[in-house]
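Protein chains: 2
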Amino acid sequence: MLIQEATSSDFEEVWPIFREIASAGDTYAYPRNTSREEAERLWIHVPRRTFVVEIDGRIVGTYYIKTNQDGPGNHVCNCGYMVSSSARGKGIATALCEHSQKMAVELGYKAMQFNFVASTNDGAVRLWQKTGFYVTGRLPRAFNHPVKGYVDALVMYKWLGT
Amino acid sequence: MLIQEATSSDFEEVWPIFREIASAGDTYAYPRNTSREEAERLWIHVPRRTFVVEIDGRIVGTYYIKTNQDGPGNHVCNCGYMVSSSARGKGIATALCEHSQKMAVELGYKAMQFNFVASTNDGAVRLWQKTGFYVTGRLPRAFNHPVKGYVDALVMYKWLGT
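Residue numbers (the numbering used here), protein chains in the order written: chain H, 7 to 168; chain A, 7 to 168.
These aren't lab readings, by the way, just hints derived from the structure by calculation. Be aware that a few hints might be false.
The list treats identical chains as one, so a pair stands whether inside a single copy or across any two.
To be verified - Simulated pairs of lysine to aspartate or glutamate, DMTMM-like, Cα-Cα distance not exceeding 20 angstroms:
id: 1; residue 1: LYS96; residue 2: GLU19
id: 2; residue 1: LYS154; residue 2: ASP76
id: 3; residue 1: LYS116; residue 2: ASP32
id: 4; residue 1: LYS116; residue 2: ASP158
id: 5; residue 1: LYS136; residue 2: ASP76
id: 6; residue 1: LYS108; residue 2: ASP16
id: 7; residue 1: LYS116; residue 2: GLU18
id: 8; residue 1: LYS108; residue 2: GLU18
id: 9; residue 1: LYS136; residue 2: GLU60
id: 10; residue 1: LYS72; residue 2: ASP16
id: 11; residue 1: LYS116; residue 2: GLU19
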């Protein structure tokens with residue numbers, strides 16, 4: 007498993023992963039029909055850095071890191087992670103999360119926050135808890151799940167201890 | 007007190023209010039030295055709507071309303087409010103908050119969320135609680151206060167009951 011900063015040509019392989027996850031509509035706050043151009047803007051250009059993870063030369067996952075709030079909040083970062091459904095169960099999300107925490111400290115951040123985790127996304131919630139995050143807020147019915155309707159969204163947080 | 011949608015020429019009077027509040031650095035997640043151009047982008051152009059409140063023909067306060075999260079989160083809005091220090095204690099912030107809640111329902115939103123309320127901003131916290139919000143999350147040391155250092159930030163939330 008090789009994690010490295012995304013190059014300008016990597017979005018070609020990131021896009022099918024983004025599209026698969028956004029179009030399912032059950033985990034991320036992106037419109038299900040987000041266009042390729044908008045996805046590239048959101049995932050590659052808006053964030054401070056974007057990384058990809060390769061197995062056997064193929065991109066199977068990606069994450070971004072960005073500043074979560076400006077000014078008095080700019081010591082807290084936010085990350086988003088996506089793993090191709092074809093590569094689940096290999097510990098890739100955990101590896102990306104651990105990589106992102108080291109990167110956050112390297113970039114000078116003191117904490118990491120996830121703003122909008124669907125409470126139905128048990129796998130992600132458990133994984134972030136395993137890597138040191140805790141649920142610090144619950145937003146009642148803030149996530150409109152395509153099958154379950156309005157479900158709670160969670161705010162998760164970790165002080166990075168520097 | 008007259009609350010109406012901001013016109014393109016209103017930013018002239020909004021800017022001194024924005025600058026006063028942002029430069030204090032103790033309430034909003036804006037850089038203390040935010041430029042006028044960037045302030046206009048953030049307060050007028052990025053939001054879905056922006057309103058101003060006038061007393062005797064002078065703008066003394068303003069608020070914006072925007073969608074807080076896209077896609078599965080786009081039924082929850084976010085607002086920001088600013089009142090000139092020269093016009094405090096007249097119930098203007100309460101009036102703006104009530105106006106924004108009606109506007110939110112009119113625009114089709116089902117809930118309103120404040121993402122980043124400095125826990126030291128007692129007046130605002132009390133005011134939002136009085137208008138039906140509650141603290142649903144606490145972000146430890148997420149707000150870098152210019153005098154008090156790292157203090158907690160609060161996530162506040164209100165379901166608008168539609």
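Each hint, compared with the structure:
1. LYS96 / GLU19: Result: close within a single copy only, 19 angstroms intra versus 56 angstroms inter.
2. LYS154 / ASP76: Between. Shortest inter-copy distance 18 angstroms satisfies the 20 angstroms Cα cut-off; intra-copy 34 angstroms does not.
3. LYS116 / ASP32: Classified as between; 19 angstroms across copies, 29 angstroms inside a copy.
4. LYS116 / ASP158: between (27 angstroms within a copy, 13 angstroms between copies)
5. LYS136 / ASP76: neither (28 angstroms within a copy, 27 angstroms between copies)
6. LYS108 / ASP16: Classified as neither: same-chain Cα gap 22 angstroms, cross-chain 45 angstroms, threshold 20 angstroms.
7. LYS116 / GLU18: Classified as neither; 32 angstroms inside a copy, 37 angstroms across copies.
8. LYS108 / GLU18: neither (26 angstroms within a copy, 44 angstroms between copies)
9. LYS136 / GLU60: neither (23 angstroms within a copy, 52 angstroms between copies)
10. LYS72 / ASP16: within (19 angstroms within a copy, 32 angstroms between copies)
11. LYS116 / GLU19: neither (31 angstroms within a copy, 37 angstroms between copies)
Checked against the numbered hints listed earlier, the structure breaks hints 5, 6, 7, 8, 9 and 11; every other hint is satisfied.
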